[in-house]
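Listed below, chain by chain, are the residues.
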Amino acid sequence: MATAIAKAERAESVDYAARIEHVSKSFAGPAGQQLVLDDITLDVAPGEFVTLLGASGCGKSTLLNLVAGLDDPSAGSIKTDGRPALMFQEHALFPWLTAGKNIELALKLGGVPKNERRGRADELLALVRLQGSYDKRVHELSGGMRQRVALARALAQESRLLLMDEPFAALDAITRDVLHDELTRIWAETGVSVLFVTHNVREAVRLAQRVVLLSSRPGRVAHEWTVDIPQPRRIEDAPVAELSIEITEQLRGEIRRHGQQ
Amino acid sequence: MASSDTKSGLTDTRQAQADGNRQTAGLEAGLDALENVATARTPFSVTFRAKILPPLIATGVVLVIWQALITFNVVTDPTRLPSPGDVAAEFKDAWLKGKLLGYIWTSAERGLLGFLLALAIGTPLGLIVARVKFVRAAIGPVLSGLQSLPSVAWVPPAVLWLGLNNSMMYAVILLGAVPSIANGLVSGIDQVPPLFLRAGRTMGATGWKGAWHIVLPASLPGYLAGLKQGWAFSWRSLMAAEIIASSPDLGIGLGALLENGRNASSMPMIFEAIFLILFVGIAVDLLIFSPLERRVLRSRGLLVKS
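Protein sequence lines correspond, in order, to chains A and B.
Residues 1 to 261 in the UniProt record's numbering are what the first sequence lists, from first letter to last.
Residues 1 to 306 in the UniProt record's numbering are what the second sequence lists, from first letter to last.
For the record, the hints were derived by calculation from the structure and aren't laboratory data.
Bear in mind that the values here come from a model prediction, so they are computed numbers and not experimental data.
Among the clues, some could well be false.
Capping the alpha-carbon separation at 25 Å, the derived lysine-lysine pairs in BS3-like fashion look like this [stated by the list, open to error]:
#, chain 1, residue 1, chain 2, residue 2
1, A, K101, A, K114
2, B, K209, B, K133
3, A, K101, A, K136
4, B, K228, B, K51
5, A, K108, B, K209
6, A, K114, B, K209
7, A, K136, A, K108
8, A, K101, B, K209
Go ahead and model the full structure; you've got the sequences and the hints to work with.
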């Protein structure tokens, strides 16, 4: 089946931020073709926050790369509303630029005219509460601050869809909690759609409107939960914990299947 | 799943959100302040004691030992080891005759011009070798192999091809320095973290935009190291060329000065030439390349303070 990544024009309105239809992906491995993703169908609605959850080997990062357009699916189609922005576990900020200039580079590549860039970069820094850090070098920022600049740079792309690949996994628990609050706030303020990959069940429940569980080897959609706990949530809240236990049980069940094979 | 008691009035939720936001802001400011590391430039007195004083002392010790060898008659033959005073007199003599700066400039001009030429050729060459697979497979190994070929080996063919003139000097410099510069850029590009390339691609930096905004700045440290080595090779190649190919038309550079010293059996003149060659090589490195390299590394947080 031919693959198609159609990039919808901004003016034209579509009813999805991302539409993943029957997507499969296999890589050439030592034992022939290895199927990593098997017939994934998933929609992210405009403004929706979806977390993709799975154990290692479920291909969640592969799926995110496909949606980002960094790789092509072996079968199926992926459509996104414009080019998505991508945030990684590592901040991926360019060390030869200051925090502000990192954001301005994204603006420049996005075609923002020169005289508007500085003002826009300042706004974005203020959005992630880093006003005054424009001239800071990447190595002068803490891990949490780097991820906030990376978030601001991703938002600078003005994408309708923000892809996040375990962006808080390398942070300490206190900082991660704070960034959860920040991400929830910024998501609500900007109305951007988010597809967030994680292996942390509580994080998934804390953030998302919808949690999608992927099975491993090959990755398939195993289960889906709608999270209607009102925001602002906290990771310690009883309803969050309750749902996390339910999802963890399913996740463990998926992992156990591999031990039996 | 969801607790039903939170479905109170909309205003309450807004209020709670605003409160939450304010608390998060405070918490975040606290975290940022806690993790903020104050970095200050080291004061000059510290730099002086740590970086400038030791080489001065080492130079002093060498001079004292040298003088002692003469004073205590360890070496008695002045044609083998002239005294520091004799060499200083040679310097003074050249200075008073107004020739000293001429010697230096004749060679330094050639060296720097040759280096700039090598830069202009080596940079695009390095880019092509790094980015085009076929070219890399074809000439990559030769290019790194050329680095181990002493550039003095190029002098005889260059003389026969081009004659005893400045073009021949530049040819030898190019053959010595271009491979270093190109190789430096290639290894700099090879060491660009793939994450930067992926990040760049998601931002729309592909093709030439990617090369200009991501690949080139990311490979700058490796490129600079290549330039530094390229200068050392330029200078060495030039000295080899000047010593072997001396001709009255070429003017007297430092290599020719050394050769003249040998012909006149004047050890002070030979020492003078060697010191000058060393001086120019070190000065260019210290005044141009080291500050440039330090600036690039410091701005990227790659310079570890010891």
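For each hint, the structure was consulted:
Between A/K101 and A/K114 the CA atoms are separated by roughly 12 Å; this keeps the pair inside 25 Å, and the hint holds. Note on B/K209 and B/K133: the hinted pairing holds, with a Cα-Cα distance of about 20 Å set against a maximum of 25 Å. Between the alpha carbons of A/K101 and A/K136 the distance comes to roughly 10 Å, so the proposed pair stays at or under 25 Å and holds. Pair hint B/K228 plus B/K51 holds up; C-alpha atoms about 20 Å apart against a cutoff of 25 Å.
The suggested pairing of A/K108 with B/K209 holds, with an alpha-carbon distance near 11 Å, which does not exceed 25 Å. Simply put, A/K114 and B/K209 have alpha-carbon atoms about 16 Å apart, close enough for the 25 Å limit, and the pair holds. Of the pairs offered as hints, the one joining A/K136 and A/K108 holds, with about 19 Å between alpha carbons and a cut-off of 25 Å not exceeded. Between A/K101 and B/K209, the direct Cα distance comes to roughly 16 Å. Compliance with the 25 Å bound is thereby established for this hinted pair.
Consistency with the previously given hints is maintained throughout, with no hint failing.
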